[in-house]
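Enquirer: Below, each chain spelled out in residue letters.
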Amino acid sequence: GAVVSQHPSWVICKSGTSVKIECRSLDFQATTMFWYRQFPKQSLMLMATSNEGSKATYEQGVEKDKFLINHASLTLSTLTVTSAHPEDSSFYICSARHRDREVVSPLHFGNGTRLTVT
Amino acid sequence: QKEVEQDPGPLSVPEGAIVSLNCTYSNSAFQYFMWYRQYSRKGPELLMYTYSSGNKEDGRFTAQVDKSSKYISLFIRDSQPSDSATYLCATAIYNQGGKLIFGQGTELSVKP
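Top to bottom, those sequences are chains D and C. So that you can map any letter, position 46 of the first sequence is 46 in this note's numbering, and since no number is skipped, the others follow by simple counting. So that you can map any letter, position 40 of the second sequence is 40 in this note's numbering, and since no number is skipped, the others follow by simple counting.
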């Protein structure tokens with residue numbers, strides 16, 4: 001149980017275009033989802049916390065107008081990278097917390113999306 | 001100083017060896033501790049979760065937490081080539097909405 005599906009797993013786009021990444025909790029409802037970014041051989045850097053039905057909370061230094069997050073339902077959150085540039089190329093990973101779990105409990109991660117901007 | 005420090009390795013061991021992976025943290029307010037395993041180009045997978053000092057065992061894996069020295073460890077017994085991955089420690093504080101703070105990750109290679 002507790003499967004998180006992320007789509008697409010790999011995407012290449014041209015500079016200036018926008019890319020949407022989906023994160024779905026398949027067998028549970030998630031009131032909170034987190035979006036991370038990971039560079040090669042680096043740790044996961046939290047970008048934003050997404051709560052169902054409310055605005056996302058962005059970490060310091062993350063441009064909210066560039067990384068649009070929508071958490072419209074208890075099983076789906078989306079991250080849209082707007083006007084992508086080569087420096088946005090990275091591995092983006094989402095995670096979700098089961099709605100019935102306590103606030104601090106392990107997160108379930110998707111398999112990530114590798115974004116390459118040319 | 002990073003909140004969670006972890007030696008990135010790489011660490012290479014022969015099959016069957018006991019592996020010790022370690023992290024230190026700076027904030028004594030951290031209450032919850034986790035270990036994740038991440039294979040190349042995949043998302044992290046939860047291995048162990050604990051919130052108290054002491055040992056927690058699950059199969060070949062043992063997580064150890066020493067809050068007095070702010071030190072957490074993961075031991076892998078009888079290591080297998082399939083254990084080759086990056087291991088990430090993570091901590092959290094209850095009143096920060098459950099945000100996890102990750103270490104850099106240690107790259108482990110188990111040679112047959």
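Think of the hints as simulated: they come from the structure by calculation, not from any bench. Errors might be hidden in some of the hints.
Unchecked claim - Capping the alpha-carbon separation at 25 Å, the derived lysine to any residue pairs in SDA-like fashion look like this:
hint: 1; chain 1: C; residue 1: K99; chain 2: D; residue 2: G16
hint: 2; chain 1: C; residue 1: K42; chain 2: D; residue 2: G53
hint: 3; chain 1: C; residue 1: K56; chain 2: D; residue 2: K55
hint: 4; chain 1: D; residue 1: K55; chain 2: D; residue 2: K41
hint: 5; chain 1: D; residue 1: K41; chain 2: C; residue 2: S68
hint: 6; chain 1: C; residue 1: K111; chain 2: D; residue 2: V19
hint: 7; chain 1: D; residue 1: K64; chain 2: D; residue 2: D100
hint: 8; chain 1: C; residue 1: K42; chain 2: D; residue 2: S54
hint: 9; chain 1: C; residue 1: K99; chain 2: C; residue 2: V13
hint: 10; chain 1: C; residue 1: K99; chain 2: D; residue 2: T17
hint: 11; chain 1: D; residue 1: K64; chain 2: D; residue 2: A2
hint: 12; chain 1: C; residue 1: K99; chain 2: D; residue 2: C13
hint: 13; chain 1: C; residue 1: K42; chain 2: C; residue 2: S73
hint: 14; chain 1: C; residue 1: K99; chain 2: D; residue 2: T80
hint: 15; chain 1: C; residue 1: K42; chain 2: D; residue 2: L74
As the list claims (entries may be wrong) - From the derived model, a few chain D residues whose C-beta atoms are all more than 10 Å from chain C:
hint: 16; residue: D65
hint: 17; residue: R97
hint: 18; residue: F109
Note that the Cβ used here is the ideal one computed from N, Cα and C, for glycine as well.
Enquirer: It remains to establish, for every hint, whether it holds in the given structure.
Expert: Each hint, compared with the structure:
Only pairs whose Cα atoms come within 25 Å are accepted, and C:K99 paired with D:G16 is rejected, the gap being roughly 31 Å. Taking the CA atoms of C:K42 and D:G53, the gap is near 28 Å; set against the 25 Å cutoff, the hint is violated. The suggested pairing of C:K56 with D:K55 is violated, with an alpha-carbon distance near 38 Å, which exceeds 25 Å. About 31 Å separates the Cα atoms of D:K55 and D:K41, which puts this hinted pair outside 25 Å; it is violated.
Between D:K41 and C:S68 the alpha-carbon distance is near 30 Å, which puts this suggested pair outside the 25 Å criterion. A hinted pair counts as satisfied when its Cα atoms are at most 25 Å apart, and C:K111 with D:V19 does not qualify at roughly 39 Å. For the hint linking D:K64 to D:D100, the alpha-carbon distance of about 28 Å lies beyond 25 Å, and the restraint is violated. For a cut-off of 25 Å, the pair hint linking C:K42 to D:S54 is broken: about 29 Å separates their Cα positions.
Between C:K99 and C:V13 the alpha-carbon distance is near 33 Å, which puts this suggested pair outside the 25 Å criterion. As the CA atoms of C:K99 and D:T17 are separated by approximately 30 Å, the hinted pair breaks the 25 Å bound. Under the criterion of a C-alpha separation no larger than 25 Å, the hint pairing D:K64 with D:A2 is inconsistent with the structure, at around 28 Å. Proximity of C:K99 to D:C13 is assessed by CA-CA distance (about 30 Å); at most 25 Å being required, the pair is judged violated.
Proposed proximity of C:K42 and C:S73 is supported: the alpha carbons are some 23 Å apart, at most 25 Å. Only pairs whose Cα atoms come within 25 Å are accepted, and C:K99 paired with D:T80 is accepted, the gap being roughly 21 Å. A threshold of 25 Å between alpha carbons decides the hint, and for C:K42 with D:L74 the separation of about 23 Å falls inside it, so the pair holds. The Cβ of D:D65 sits about 22 Å from the closest Cβ of chain C, beyond the 10 Å cut-off, so the non-interface label holds.
Listed as outside the interface, D:R97 is inconsistent with that label: its C-beta sits roughly 6 Å from the nearest C-beta of chain C, within the 10 Å cut-off. Listed as outside the interface, D:F109 is inconsistent with that label: its C-beta sits roughly 4 Å from the nearest C-beta of chain C, within the 10 Å cut-off.
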